[in-house]
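So the chains spell out like this:
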Amino acid sequence: MGETYTDEPGGEGATGEGWVTDERVRWAGLAVSLLFTALILGFIALILYEYVNYDLLVSVVPRFAVAFVRVLAVVVISSVLAVTLGVFVGLGRVSRTSLTHSIATAYVQFFRGTPLLFQLFIIYLGVPSLWEAGQFPINQNWTVVQDVLWIDWSFITAVIALTLNHAAYVGEAVKGGINAVPEGQMEAARSLGMSYVDSMQEIILPQAWRNALAAIGNDQVILVKDTSLLTVIAFPEILTVFREINSNQFDAWTPIVLVAVTYLAITLPLMHLVQYLENRAEWGRGDEDEEGGPGSWLSWGGDR
Amino acid sequence: MSDATDEIDETGETAAMDDPATGEPMVEFDGVNKYFGSAHVLKDVDLAVDAEEVVVVVGPSGSGKSTLLRCANRLEEIQSGQVRIAGEPITAPGVDVNRLRQRVGMVFQHFNLFPHKTALANVTLAPVRVRGLREDEARRRGEELLTEVGLGDQLDSYPAELSGGQKQRVAIARALAMDPDVMLFDEVTSALDPELVGEVLEVMRGLAREGMTMLVVTHEMGFAREVGDRVVLMSEGRIVETGPPREFFDAPETERAQQFLSRVL
Ligand SMILES: Nc1ncnc2c1ncn2[C@@H]1O[C@H](COP(=O)(O)OP(=O)(O)OP(=O)(O)O)[C@@H](O)[C@H]1O
Ligand SMILES: [Mg+2]
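Quick mapping for you: the protein sequence lines, in order, are chains A and B.
In terms of the working numbering, the first sequence has 232 at position 232, counting the first letter as 1, and numbering is strictly consecutive.
In terms of the working numbering, the second sequence has 1258 at position 258, counting the first letter as 1, and numbering is strictly consecutive.
Okay, chain A solo, but in the shape it has when bound (with noise of 0.2 angstroms):
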C-alpha cells in the first residue's frame, strides 16, 4: 500500500472513486449530526415558547404523576416476573427432553405469534367469563395507596398478560443466549462431577445471562412502551390521561411533554440499569468491547 492509502477496496489501484476518504465521511457525519441537532432543538424550543399552557402543565402534572405510578408497579412487578419465568421457558427450550421442549416451544409460538392486544382480552374478558354473571370474585379493588395505587382486575391482567407474554421474548434471548455459551463449558463443568443442575446454573446460566442482556433489557424497554395497550382494558396509563387532556382542553403539545417526560422517566434509569449490569459482567474484559464514552446511552438501542 502506497503513503495515500484510503481504505477503499482495490487500494493503490483504484484512483477513480478517491474522494470518499475516512477523513471525509467523518466530517459529513458530525455535520449532518450537528445539523440534525439543530433542527430538533429549534423545534422543542419552539413548541416550549410558543405551544405549552404552562399553567395547565402545572395543573395537570399530579395526573400524570399517578399514571407514572400505576404504569411503573405494573412494569417492576411484570419485568421481574418475565425476566424470571423468561429464564425457565430458555432452560426448556434449550432441554433435551422432548416434551419439555415442545411446551416450551409452544408456549413462545403462541404467545409471539399472537397480538398483544389479543392477550389482554382473553384474560380482561375471557377470564371472568368463565363464572356465572356476576360470580368472577375479583370485583373489589385493593387500594395500596389512596387515590394513587389500587390492584383491580385492569392491574392483575396488565401483570398476568404482560408477564406471559415477554417471557416469551426473554425466553428466546435466554435461549440463545445458551446456545451462545461454547459446549466446552458444560464439558468441563460435568467433567468436574458437577450435576446437570449445578453446571447450568454455576457456569453457563451466568455466561447465557450476560450474552442475553442486551435483548433482554430491549425486551424490556418494549414492554415499558407495551403498557399503553392498557387503555383497552380501562387501565389508566399514561396514554389515557394524555387522551382525556387532550379532548377536554383542546390541546395537544401539553399534553404530549408530558407524555414524552412520563415514558422517558421510566426508560432512561431502565436502560442505565442495563448497562451498568452489562459493564459488570465484563470478568477482566473490561478494555474490551467497551461501550463508548459519554452518553454513550445515545446510541443504546434494539440494534445490538
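Source of the hints: derived by calculation from the structure; they are not laboratory data.
What you are looking at is a predicted structure, and each value in this text was computed from that prediction instead of being measured.
Yeah, the Cβ is synthetic: ideal placement off N, Cα and C, and Gly gets one too.
Some clues are possibly wrong.
[Claimed, not checked] Not everything, but these chain B residues come out facing chain A in the computed CB check (under 10 angstroms): (1) G1081; (2) G1105; (3) F1108; (4) N1112; (5) L1113; (6) T1118; (7) L1125; (8) V1130; (9) R1131; (10) L1155; (11) A1175.
[To be verified] Not close to chain B: a few residues of chain A, all C-beta gaps over 10 angstroms, as computed: (12) D22; (13) L56; (14) L72; (15) R112; (16) I122; (17) Q185; (18) S191; (19) K225; (20) L229; (21) N246; (22) A252; (23) W283.
We have chain A already, so just place chain B with the ligands on it with the hints.
Chain B with the ligands alone, transformed into the frame defined by chain A:
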C-alpha cells in the same frame, strides 16, 4: 526433538508401578466400540493404564484419540465393550456418573476455563459444590495448587487476564483440586504459542514424577519419549502399536508406526 532426548536421563527413573492397591488397572478399555452415527470411530480398543503409569497416545488427526479419552469419563457413550476405572465398570446401569467423574480429571485443548470466575474460583468451585468442602478449606487447597503450578500471584485474575500457558495451568490445578485418581490430557499444548508450551509440559512432568496416573494425547513427541512409560499409536480407530517409548520411537514394529514416525519426527 533433540533437546528432549537429552533430558531423558534426568527423569528416566519415572517407572510405572504395576501395583495399585486394588490390583486392578486404573483405567481399562475392554473391547470398546464407539460409533458416531454410522462412523465407526473406536474399533475393539483394549488398553489398560496401571496406577502411576503415564500412557501417551499418539496418532494422526481423526484417528480417535480424543474420543478414546472422552469415553474414559463418559463424555461420550460407547456402543459395546466396557470401560473400568479402578475395576469399576463406568457404563453399568445405576452408575453415578457424577461420582465417577470426580475420580477422573480432564484437561482440554482449549482450556475451557470458566470466564466469569477468577483463577481461584475456577479451582475451588467443584470441591465446594460437589465434594462439599468448606469454603476456607477449598480456598486453602486452591491456593496451594495454584502456587504449585506457578500461579500463586494470579489467584484473583480472570481467565481473560491470563496467557494461554497460564490458563492451561489453572485448568490443570482445577482438575487436580478434585483429587482425581487419573488425569486425562487432550492435546493440552496444541492451542499454545510455542514459547508457552514448555511451562505446561513442565507442570505435567512434575505430576508424572509425583506418581500421578496419566493418559496423555499429544503431538509433542519429545514429551512422549521422555515422560511416557508407554506409547500407544492409534490409527483409524484402532490401537496399532504399543510399547515403551525407546522401542516405539527407535525400533517401531509395524509399518503403520514407521510411516507415522517418518512423518512426525
Ligand atoms: N461429535 C462427533 N460427531 C460425529 N463425528 C465425530 C464427533 N467427534 C469426533 N467425530 C469423528 O470421529 C473421528 C475421531 O475423532 P477424534 O476427535 O477422536 O480424533 P483425534 O484423533 O482426536 O483427532 P485430532 O488429532 O484432530 O484431535 C473423526 O473422524 C471425527 O470426525
Ligand atoms: Mg483430538
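Status of each hint after checking the structure:
1. Hint on B/G1081 is violated. Least Cβ distance to chain A is approximately 21 angstroms, over the 10 angstroms limit.
2. A least Cβ separation of about 8 angstroms between B/G1105 and chain A falls short of the 10 angstroms threshold, and the interface hint therefore holds.
3. Look at B/F1108: its Cβ gets to within about 6 angstroms of chain A, closer than 10 angstroms, so that hint holds up.
4. Nearest Cβ of chain A to the Cβ of B/N1112: about 4 angstroms, under the 10 angstroms cut. The hint holds.
5. With 10 angstroms as the threshold, the beta carbon of B/L1113 comes within range of chain A, its nearest partner Cβ sitting at about 8 angstroms, so the hint holds.
6. A least Cβ separation of about 8 angstroms between B/T1118 and chain A falls short of the 10 angstroms threshold, and the interface hint therefore holds.
7. Given hint, B/L1125 at the interface with chain A, holds; its Cβ is 6 angstroms from that chain's nearest Cβ, closer than 10 angstroms.
8. For B/V1130, the suggested interface contact is upheld, since its CB lies about 5 angstroms from the closest CB of chain A, less than 10 angstroms.
9. For B/R1131, the suggested interface contact is upheld, since its CB lies about 8 angstroms from the closest CB of chain A, less than 10 angstroms.
10. For B/L1155, the suggested interface contact is broken, since its CB lies about 13 angstroms from the closest CB of chain A, more than 10 angstroms.
11. Annotation: interface hint on B/A1175 holds; nearest CB of chain A at approximately 7 angstroms, less than 10 angstroms.
12. Non-interface status of A/D22 relative to chain B is upheld: no Cβ of that chain comes within 10 angstroms, the nearest being about 30 angstroms off.
13. Distance check for A/L56 against chain B: the nearest CB is about 52 angstroms away, which clears 10 angstroms, and the non-interface claim stands.
14. Interface exclusion of A/L72 from chain B stands, the closest Cβ pair being 31 angstroms apart, more than 10 angstroms.
15. Against chain B, the non-interface label of A/R112 holds: every CB pair exceeds 10 angstroms, the least being about 30 angstroms.
16. Consistency note on A/I122: stated as away from chain B, and its beta-carbon is indeed over 10 angstroms from all of that chain's, at 40 angstroms minimum.
17. With a least beta-carbon separation of about 6 angstroms from chain B, A/Q185 fails to lie farther than 10 angstroms from that chain, contradicting its non-interface assignment.
18. Not every beta carbon of chain B lies more than 10 angstroms from that of A/S191, the smallest distance being close to 4 angstroms; the non-interface claim is violated.
19. For A/K225, the shortest C-beta to C-beta distance to chain B comes to about 32 angstroms, beyond the 10 angstroms cut-off, and the non-interface label holds.
20. The beta carbon of A/L229 sits about 37 angstroms from the closest Cβ of chain B, which is more than 10 angstroms, so the claim that it is off the interface holds.
21. Interface exclusion of A/N246 from chain B stands, the closest Cβ pair being 50 angstroms apart, more than 10 angstroms.
22. At roughly 50 angstroms from the closest C-beta of chain B, the C-beta of A/A252 stays outside 10 angstroms, upholding its exclusion from the interface.
23. Against chain B, the non-interface label of A/W283 is violated: not every CB pair exceeds 10 angstroms, the least being about 5 angstroms.
Checked against the numbered hints given earlier, the structure breaks hints 1, 10, 17, 18 and 23 and satisfies all the rest.
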